[in-house]
Amino acid sequence: MNIIACVKQVPDTEAQIKVKADGSGIDEGGIKWVMNPYDEFGVEEALRLKEKFGGEVTIVCLGPARAMETIRTALAMGADKGIHIDDPALYEADSYATAEALAAAIKGLPYDIIFCGQRAIDDDSGQVGSILAELLGIPVVTMVTKLEVEGNSAKATRPIEGAQLVISTSLPCVITATKGLNEPRYASLPGIMKAKKKPVDIKNAAALGVSGASKAKVVKFVPPPARPPGKIICADDTPEGKAAELVKLLREEAKVI
Amino acid sequence: MELSHFKIGHEGREVFWNAEHFEPFLFFFTFIALVIFAYGLYRRWLIWSAIGKAEPEDRKSNWKVRLKNLVIDGLLQRKVLQDRYPGIMHALIFFGFLLLFFGAAFDATEFHVAEPLGFAFLTGKFYLFFSFLMDLAGLAILVGVFMALDRRYLSKPDRLGYRGKPDNTPDDAIALLLIAGIVITGFFIEALRIAVTWQQTPWEVWSFVGWTLASALNGISEPTARALHKGMWWVHTFLALGFIAYIPFSRLLHMITTPANYYMATLRPTGTIEPIRDFENAESFGVGTIEEFTWKQLFDSDACTRCGRCQEGCPAYLTGKPLSPKKLIQDIKTYWLEKAPAAIQAKKEELRAKMAAGEETDKCAKVLAFLDKIDQAIDKYVPARPETGEKALVGEVISLDELWACTNCMYCMENCSAAIEHVPKIIGMRQYKVLMEADFAPELQLTYRNMENNSNPWGVGSHLRGEWAKDLGIKTLAEDPNVEYLFYVGCAGSFDDRGKKVSIAFAKILQAAGVSFGILGSEEGCCGDSAMRGGNEYLYQSLAQANIEVMNGYGVKKILTICPHGYNALKKDYPHFGGNYEVYHHTEFIAKLISERKIKLKKSVADYVTYHDSCFLGRYNDIYDEPRKVLKAVPGLQLLEMERNLAKSFCCGAGGARMWMEEHGERINDARAKQAIETGAQTIAVGCPFCLTMMSDGLKTHGKDETMNALDIAEIVWKAMDLEEEKPPVDVCKT
Numbered sequence: 001m002n003i004i005a006c007v008k009q010v011p012d013t014e015a016q017i018k019v020k021a022d023g024s025g026i027d028e029g030g031i032k033w034v035m036n037p038y039d040e041f042g043v044e045e046a047l048r049l050k051e052k053f054g055g056e057v058t059i060v061c062l063g064p065a066r067a068m069e070t071i072r073t074a075l076a077m078g079a080d081k082g083i084h085i086d087d088p089a090l091y092e093a094d095s096y097a098t099a100e101a102l103a104a105a106i107k108g109l110p111y112d113i114i115f116c117g118q119r120a121i122d123d124d125s126g127q128v129g130s131i132l133a134e135l136l137g138i139p140v141v142t143m144v145t146k147l148e149v150e151g152n153s154a155k156a157t158r159p160i161e162g163a164q165l166v167i168s169t170s171l172p173c174v175i176t177a178t179k180g181l182n183e184p185r186y187a188s189l190p191g192i193m194k195a196k197k198k199p200v201d202i203k204n205a206a207a208l209g210v211s212g213a214s215k216a217k218v219v220k221f222v223p224p225p226a227r228p229p230g231k232i233i234c235a236d237d238t239p240e241g242k243a244a245e246l247v248k249l250l251r252e253e254a255k256v257i
Numbered sequence: 258m259e260l261s262h263f264k265i266g267h268e269g270r271e272v273f274w275n276a277e278h279f280e281p282f283l284f285f286f287t288f289i290a291l292v293i294f295a296y297g298l299y300r301r302w303l304i305w306s307a308i309g310k311a312e313p314e315d316r317k318s319n320w321k322v323r324l325k326n327l328v329i330d331g332l333l334q335r336k337v338l339q340d341r342y343p344g345i346m347h348a349l350i351f352f353g354f355l356l357l358f359f360g361a362a363f364d365a366t367e368f369h370v371a372e373p374l375g376f377a378f379l380t381g382k383f384y385l386f387f388s389f390l391m392d393l394a395g396l397a398i399l400v401g402v403f404m405a406l407d408r409r410y411l412s413k414p415d416r417l418g419y420r421g422k423p424d425n426t427p428d429d430a431i432a433l434l435l436i437a438g439i440v441i442t443g444f445f446i447e448a449l450r451i452a453v454t455w456q457q458t459p460w461e462v463w464s465f466v467g468w469t470l471a472s473a474l475n476g477i478s479e480p481t482a483r484a485l486h487k488g489m490w491w492v493h494t495f496l497a498l499g500f501i502a503y504i505p506f507s508r509l510l511h512m513i514t515t516p517a518n519y520y521m522a523t524l525r526p527t528g529t530i531e532p533i534r535d536f537e538n539a540e541s542f543g544v545g546t547i548e549e550f551t552w553k554q555l556f557d558s559d560a561c562t563r564c565g566r567c568q569e570g571c572p573a574y575l576t577g578k579p580l581s582p583k584k585l586i587q588d589i590k591t592y593w594l595e596k597a598p599a600a601i602q603a604k605k606e607e608l609r610a611k612m613a614a615g616e617e618t619d620k621c622a623k624v625l626a627f628l629d630k631i632d633q634a635i636d637k638y639v640p641a642r643p644e645t646g647e648k649a650l651v652g653e654v655i656s657l658d659e660l661w662a663c664t665n666c667m668y669c670m671e672n673c674s675a676a677i678e679h680v681p682k683i684i685g686m687r688q689y690k691v692l693m694e695a696d697f698a699p700e701l702q703l704t705y706r707n708m709e710n711n712s713n714p715w716g717v718g719s720h721l722r723g724e725w726a727k728d729l730g731i732k733t734l735a736e737d738p739n740v741e742y743l744f745y746v747g748c749a750g751s752f753d754d755r756g757k758k759v760s761i762a763f764a765k766i767l768q769a770a771g772v773s774f775g776i777l778g779s780e781e782g783c784c785g786d787s788a789m790r791g792g793n794e795y796l797y798q799s800l801a802q803a804n805i806e807v808m809n810g811y812g813v814k815k816i817l818t819i820c821p822h823g824y825n826a827l828k829k830d831y832p833h834f835g836g837n838y839e840v841y842h843h844t845e846f847i848a849k850l851i852s853e854r855k856i857k858l859k860k861s862v863a864d865y866v867t868y869h870d871s872c873f874l875g876r877y878n879d880i881y882d883e884p885r886k887v888l889k890a891v892p893g894l895q896l897l898e899m900e901r902n903l904a905k906s907f908c909c910g911a912g913g914a915r916m917w918m919e920e921h922g923e924r925i926n927d928a929r930a931k932q933a934i935e936t937g938a939q940t941i942a943v944g945c946p947f948c949l950t951m952m953s954d955g956l957k958t959h960g961k962d963e964t965m966n967a968l969d970i971a972e973i974v975w976k977a978m979d980l981e982e983e984k985p986p987v988d989v990c991k992t
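Going down the list, the sequences are from chains Y and C.
If you use my numbering, the first sequence corresponds to residues 1 to 257, in order.
If you use my numbering, the second sequence corresponds to residues 258 to 992, in order.
Worth flagging that the hints you see were computed from the coordinates, not collected in a lab.
Check each hint, because a few of them may be wrong.
Stated by the list, open to error - DMTMM-like, lysine to aspartate or glutamate: derived pairs with alpha carbons at most 25 Å apart:
#, chain 1, residue 1, chain 2, residue 2
1, Y, LYS242, C, ASP754
2, C, LYS757, C, GLU724
3, C, LYS984, Y, ASP12
4, Y, LYS196, C, ASP754
5, Y, LYS32, C, ASP754
6, Y, LYS32, C, GLU724
7, Y, LYS194, C, GLU694
8, Y, LYS196, C, GLU537
9, Y, LYS52, C, ASP696
10, Y, LYS32, C, GLU709
11, C, LYS757, Y, ASP12
12, Y, LYS198, C, GLU537
13, Y, LYS197, C, GLU694
14, Y, LYS197, C, ASP696
15, Y, LYS194, C, ASP754
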């Protein structure tokens, strides 16, 4: 079975995000970069399928030179090879341009199933997986928490409000992974050492035949306003008095009831 | 019996009395016993060397220190005697035997050397003293054996078993009965001789046991006595020679292996773990198979006497976890004994092939080849061990629950009377699980990811590391590198709310004392102790190297720490990677500030305080006095000791990466908190942020968090210095 897992390098969830003064992006100084956690579920599921059915797992990643570290992380977990799409023209790619580049890189490869994270935790747009499927002309199931592959089809479970959908799809297809699909493994040390020697192809936009042109553009980064201080209700010492004050504030100041 | 014509001057006795012609036979049988003894040892040596890999640690050089260890712990029984009843029991047998051994040597020298050369020395007053001493020694052995029999078969303390089930083996009884038999027959021989000769040798009253027994035999005819004496002489001889031959095949082997283990005991600072040196080229990491232990680690288990000292204070064992250090060592031994025949066979085949190819011309190899022929002949008569199925060392021989229950508290190693090194074996097996198989507790995986991404186990953003010091006017080394001390705060002191209070208290003490210090702020990283002790040597080394790079970059020479884990790592493990610093724990440093009168403790803080010895401070670094000195310097403070304290202190449960793992069943910290509560103290003083968390939680479990508290020594001292007005809790509605 030929499996592809798309990964993105994102700032660690605990990293301090500072918006540049001119609003053109974030200040990358001092940021610890990690693999997007949802992509990690995809890589783990890919590895489990490989362990069950045999075959090869290829990692595809778009990003600057530092993204190589994330590809190596996936290779350390057990993936076999990587494709690193690195081109300054694509550094500010929107979801469409990203999916287009990924699709161009994947097109020439044999594949039975493609994994993406349901969204990246940096821009949270959640579109790449679906656009990728569209460009490749294959089905997509998003937000998958359970996957069973049998023969030429797959059964994917996807939570919706108050229920779960079990969706059957033919292969090849795109699966976007979410929390609950699995527990990603911790890389073994021999895995880490071997990962250093596994092949990674570096490709630019020209080699893939894509322009890198985005359809959407981020106009400005604006940091969220500082959180206002909490308010302590002092008006009355009795619980009834405090409750009455709380209702009043929620109604008149916060305007939520 | 009456004492007539007693005269000092010509006392003595005839060696080989009534056994004049037995001497050649005695020589012959002694020779056979010694050959069996030597052959047994050789077979054992084959196993150790055939299975274990090369020992990377130097176990030979520095012979003076090693000899000293051997004399103090082996010959003088220091470690053994630290435990009263069993210590005395063993010492009686040991010293008794030693005396009798030298007695026999004296007899032999007298008979074969001194008498023929005409300067017999076993005469006169010396003979009387000698006779008295030998009888005393024999009596001591009998008392010791009696105590041992009582312990093993009547009073049966838990430590001579596992969870109430004694682990007695037949050779336990055989060894004790052999010893008793040798002494008793010896006394009878003496008594029968005295019964015949007492009128000519009234001085034999100094052989007081033999004399008393002879009195009891009063009326026995001389021919009967002589015949009985001859018979008893042979029984005694065969028991004694049998004993020698039996040594390598029984628990008596510890007579050889335990002293040898004292001699080979590590001379490195307590708790040092041999670092993995070559991650790039090594094919495997840690200990996943028995062959990945070093020969010394296997040898260790042959030095174990199953005395159970380790088990008696193991926090995991005492709170119902499956781990017992004794059982662990014994399980490893049983396993390598199963593996031995095949391993020896492989080793010999290799040797045979080399000999056949003419590659091996070493004399030693030739001797081995010769011995191999003897082995083959003997093996025909040795019953084959039953085939045992292939078992995994980690997971089956040693269960994962055992492996991960260890808190690395070092009680077992510190209290072992055979210098066995348990903890490195456990870390080795953990390394295998973590580095090779990446198969370990999910909560620990999360901890390691947090350490990788944010250089702290909690996973709080690493940029927040210096936040606790924000309003204290403490400079970072980036701002001012010209300070005398680096205060290495560590993760707990930087990120844990309780730990931050300790950092603040200590920083304020330093400021009040006018100490020149700075911190690293966000440049500081996790010390890596939990990674190392949890088997993640790779992560540990990357963390250590990052810290060393920063510290060496600033030319750091002296370091202050508030966490014993960081203290231990920086002081003893960082030198492996080029980080050489003078490191102080804050309790040491505060003690120094007090003695130099740099700070004054004026105010009473608590009346009754008990001090909990942190493992990484006490057993790992021998810091027992300083924290107590500091506490005693607080006005009006009375220090109450827990029963388990100092080198026998009970772990809080957080060491060895256990801080980050789920604990099932009775919790170690609850058990320790109970011990503290029983002292009647109001406050548990600690010197470690992990212990602080564990003791605070333990007090909550017992519903004592309202009436008791746990405080770090720095907090107690800062309060006692009375430089800061204590602010009552602010009522926001009143202002």
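Fill in: Proposed proximity, ASP12/Y with LYS984/C (alpha carbon, max 25 Å)
violated (39 Å)
Fill in: Straight-line alpha-carbon gap LYS32/Y to GLU709/C, limit 25 Å
Cα-Cα ~10 Å, so holds.
Worksheet item: Does LYS32/Y pair with ASP754/C here, judged by a C-alpha cut-off of 25 Å?
Response: Within the cut-off at roughly 24 Å; holds.
Fill in: Holds or violated: LYS757/C to ASP12/Y, with C-alpha atoms at most 25 Å apart
holds (24 Å)
Worksheet item: Are the Cα positions of LYS194/Y and GLU694/C separated by 25 Å at most?
Response: Holds, at roughly 14 Å.
Worksheet item: Are the Cα positions of LYS197/Y and GLU694/C separated by 25 Å at most?
Response: Holds, because 20 Å separates the two Cα atoms, which is no more than 25 Å.
Worksheet item: Is LYS52/Y close enough to ASP696/C, meaning Cα to Cα at most 25 Å?
Response: Status holds; Cα separation ~19 Å.
Worksheet item: LYS194/Y and ASP754/C: Cα distance at most 25 Å?
Response: Violated. LYS194/Y to ASP754/C sits at ~40 Å, over the 25 Å cutoff.
Worksheet item: Is the Cα-Cα distance between LYS242/Y and ASP754/C 25 Å or less?
Response: The given pair, whose Cα atoms are some 30 Å apart, is violated under the 25 Å limit.
Worksheet item: Taking 25 Å as the top limit, are the C-alpha atoms of LYS196/Y and GLU537/C close enough?
Response: At roughly 10 Å apart (the allowed maximum being 25 Å), GLU537/C and LYS196/Y satisfy the hint.
Fill in: Pair hint outcome, LYS198/Y versus GLU537/C [Cα-Cα no greater than 25 Å]
holds (14 Å)
Worksheet item: Does the alpha-carbon distance linking LYS32/Y and GLU724/C stay inside the 25 Å limit?
Response: holds (19 Å)
Checked against the numbered hints above, the structure breaks hints 1, 3, 4, 15 and satisfies the rest.
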